[in-house]
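Trainee: One-letter residues, chain by chain:
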Amino acid sequence: NAGVTQTPKFRVLKTGQSMTLLCAQDMNHEYMYWYRQDPGMGLRLIHYSVGEGTTAKGEVPDGYNVSRLKKQNFLLGLESAAPSQTSVYFCASSYFDRMEAFFGQGTRLTVV
Amino acid sequence: TQLLEQSPQFLSIQEGENLTVYCNSSSVFSSLQWYRQEPGEGPVLLVTVVTGGEVKKLKRLTFQFGDARKDSSLHITAAQPGDTGLYLCAENVYNQGGKLIFGQGTELSVKP
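Protein chains in written order, with our numbering: chain A, 1 to 112; chain B, 1 to 112.
For the record, the hints were derived by calculation from the structure and aren't laboratory data. Errors might be hidden in some of the hints.
Said to hold, decoys possible - Listed below are the simulated EDC-like cross-link pairs for lysine to aspartate or glutamate, each with C-alpha atoms no more than 20 Å apart in a straight line:
#1 B:K70 - A:D97
#2 A:K9 - B:E5
#3 B:K56 - A:E100
#4 A:K9 - B:E41
Sequences are here, hints too, so could you generate the full structure?
Mentor: This is the structure we're talking about:
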């Protein structure tokens, strides 16, 4: 029972490089989320999706793009990485509004 | 902008002590969730509260939802080292379906 799987788990980027983080869920959930976690700041919502083909901005969307072409996948892209994007990124999914969110194991990204 | 304020940010106590963590909002909650996160892992749901004045118990953890649905608390009785972790409150923002935001968290350390 995989749940929410994030790929990769660790990555080091140089400033200006691009990359895509992949989130996959096998629970047929409608809602998916991308968060970043920095010390002392909890989880901050980057982008979210309420269904296949839809995306919306969260609290800190600048510098990131997302796509939800398939219901089970939610991709987070960094077009030109900056040191300020060094963080731990978490993906989550839930069946519907106000229901339990299930999280992946996180991706630790360092931008040098 | 909806804000979730958690206090205290850090808490270090001895095994057997009691503690309370608070979560407050600038607006009325539609519903509130409490999560616990251990190092290197994603958050895991503890409880969801929906109704003003609601009290839920989970073993030694007691969750209260304020009558006006603008605040919530988590009380731990006789804390144990296994309770150590980051406690986060989260809210599905009212009238913004699917937008799940988190407070900054309370980092709890319980020493034997």
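Trainee: Would you mind marking each hint as holding or not holding in the structure?
Mentor: Going through the hints against the structure:
| no. | hint | verdict |
| --- | --- | --- |
| 1 | B:K70 - A:D97 | holds, 19 Å |
| 2 | A:K9 - B:E5 | violated, 30 Å |
| 3 | B:K56 - A:E100 | holds, 16 Å |
| 4 | A:K9 - B:E41 | holds, 11 Å |
Comparing the model with each numbered hint stated earlier shows that hint 2 is the single one that does not hold.
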